[in-house]
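From first to last, the protein sequence lines are chains A and B. For the first sequence, my numbering assigns the number -11 to the initial residue and increments by one for each residue that follows. For the second sequence, my numbering assigns the number 1229 to the initial residue and increments by one for each residue that follows.
Calculated from the structure, these hints are not laboratory results. Positions of the beta carbon are idealized from the N, C-alpha and C atoms, including for glycine. Treat the hints loosely; a few may be bogus.
[Claimed, not checked] With the Cβ distance kept under 8 Å, some of the chain A side facing chain B (calculated, not the full set):
(1) Glu184
(2) Pro246
(3) Gly247
(4) Leu251
(5) Asp310
(6) Gln388
(7) Gly392
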Amino acid sequence: MRNGRRAGGILLAGLMIVALAACGRDEDDGGGESSAASLAPEVDTGAATGEVSVWAMGAEGDNLEVLADAFMEENPDVTVEVTAVPWDAAHDRIVNAIAGGEGPDVTMIGTTWMGEFAQLGGIDPTPANIDASEFFEGAWDTTVVDGTSYGVPWYVETRLVYYRTDLAEEGGVTEPPASWDDLKAMAEAIQGAGAEYGINLQPGGTGSWQTFMPFFWQAGGEIMDADGAAFTLDGEPCVAALTYYDSFFEEGLTAPAPGDLPLEGQFANGDVGSFVSGPWMIGVVTDAGADPETWTVAHQPTEEAGTSFVGGSNLGVLADSDNKEAAWAFIEYLSQPEVQVTWFETIKDLPSVQSAWDDPALADDPLLSAFGDQLADAKAPPAIATWEQVAAEIDGVIEQVTVGDMTPEDGCPAMQEAADGIGTGA
Amino acid sequence: MAGRSKTRQTLVAWSFALPFLLLFVVFLAGPIAAAFVTSFTDLRVTDIKNPLSVDFVGIGNYLDVLGDQRFQKAAQNTAVFVLVGIPLTMALALAAATGLNQGIVRFRTIFRVGFYLPVVTSIVAIAVVWRLLLGSEAGLVNGILAGFGIDGPGWLTDERYALWSIIAMAAWRNLGFLMVIFLAGLQTIPGDLYEAAEVDGANRWQRFRGITLPMMRPTLLFGAVTTGIGYVQFFEEPFVMTEGGPLNATLSLALYGYRQFSFGNYGYTAALSFILFLAIALLTLLMFRLIRPAT
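Just need the whole structure built from these sequences, with the hints factored in.
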């Protein structure tokens, strides 16, 4: 018995030593080739045959069959098999697929996951037959990791200012807000016209960086330096943006804590006069009963710039895929302007391909074309493996400043320090 | 002859134990050993294609975890949750069990079901209902308070109340399980002890202190240990109700570990998990010392 236990202990210790001895990073990994071309060699997508398995999340996963069927009609030699994956599980499932080498050929990828998957060596560089200039620049940048592109933007979204024109007019504001001062004045005017809060801004919490970062960019800030090596969060633009953001809380123009009433309802009945959000809110606000005559969307206010946030999802081919020709052929198909318009008509996903916006379905809709205009000036966070963690730190500082008692002057160095501590994961 | 049959017996015994042993080694001991090794490396999600090509960082992860302000905040929240939550849950459960055992005769089943129902209800359903109850603007609790002219706070969105709201919910959710255990414990106490005490003139409180509590010691210990192990790892309540906010007021150790894991910091998370494991072991040991039946 005692001997047995000792033998077990020795075995375990031995296993650990073997495991530890095998550890150690290769000196030159992560650096990659010095001459990183932005695109990989062309893939012969014309000769696509065989099977392509595709993972997609959310409404995209539920409806992609529509496009897959159309693709198979044009390419009878290819079979596309779509698997819907829930958003909550998608990240881990893709990581597992990459680690195990057993995954789909094509997968939908959240824009903030690109850095991680590319660094894992799990997704294929974009071949040269894809033309980067067809896409919105901000969206294309989400695919670029260390100078190499690893996929294409599939659909996009960006954030605009939604506001109640009737309340603004009642308060004496008849023009959409062009600057920070205008936006503040509009919130005050709307509140003066009887709204409980002139605007709704997120007081920290998951994803509040998506509302805050546009202000940071508008003040002239950049998240990282030009070569993507170091964070440049702290500085004058950050303090200016955080002070401006916090001033809405200080002056009681926005709710001090997340409420338990849905925003769309409060917007529809005039309790909240404006907010910053993405295109999905058009439908949500309409369904909540807001009279279309009483509200509209406006471009982000302009200081140094009028930049907004661009999100959405990308499409990538897994490095272990054994049918890359057909996989890229399917992605090429999904990137055609007509197909992008069909996709918009199917589930209202906004096209990532610029020329698709010329289609009357989008161009003739004043609300949607406002989103199209903003997309020309919209940025995404850097595609680094640690972005989600850095973003959580930024969310935390935003909460400390808006809800807690941290000053913007302390908040910006705190963001910088936290981001430096996390690093880029490279 | 005797030796051969003994060997045979041993072989049979091992073969019976083998299925468990295999499962235990593959799914429990193996991963735990792997996690232990991981906790001394800088393994991140970006390494999983080559998990062995990582650097050995000694106790660096452990030092990082202990020096991390958010870990300290989470440890503090967890300590409050455990130190307030365990006595509160046990007291409520014991009160409910004593009541059901003695006082309440009518509708006893209804009470039992009522207290036990939260235990078998999905935490997500409970969280939705409690969020409706505790909402700052449309919540029922604040609605009732408003009837008395009191402007209730945001129970889950105000830094000062959030953790206490969660403790109250956890106590309510878990007291049913302990109540059943305690009820069983109460029913094993011989009735003649109470009769003898009554003859000696002991009042209700004296009987409770002098008979019920000492006789219930092993049951109480069991209750404290199982509740304690669960409470040190409390996770679902903040995960579904507050996401650890506001201002990390409800961030628990398990939730913080989960977050670090989802950020892909595997080495760091492994170290944090072993610290949590150590805390659970120490707490359990402490409770055994405190409530161990006097022998």
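**Q.** Per-residue hint verdict: Pro246 of chain A, partner chain B, C-beta under 8 Å
**A.** Since chain B brings a Cβ to about 6 Å from Pro246 of chain A, closer than 8 Å, the hint holds.
Q: Grab the minimum C-beta distance from Asp310 of chain A to chain B and call the hint holds if it beats 8 Å, violated otherwise.
A: Status violated, d = 17 Å.
Q: With chain B as the partner, please determine if Gly247 of chain A meets the hint condition of a C-beta pair closer than 8 Å.
A: 6 Å, holds
**Q.** Status of the Leu251 of chain A interface restraint (C-beta, 8 Å, chain B)
**A.** Hint violated; Leu251 of chain A Cβ to chain B Cβ min 12 Å, cut 8 Å.
Q. Given Gly392 of chain A as an interface hint, is the shortest Cβ-Cβ distance to chain B below 8 Å?
A. 5 Å, holds
**Q.** Hint validity - Glu184 of chain A Cβ closer than 8 Å to any chain B Cβ
**A.** Interface hint status for Glu184 of chain A: violated (10 Å vs cutoff 8 Å).
Q | Per-residue hint verdict: Gln388 of chain A, partner chain B, C-beta under 8 Å | A | 7 Å, holds
The structure fails to meet hints 1, 4, 5 from the earlier list, while all remaining hints are met.
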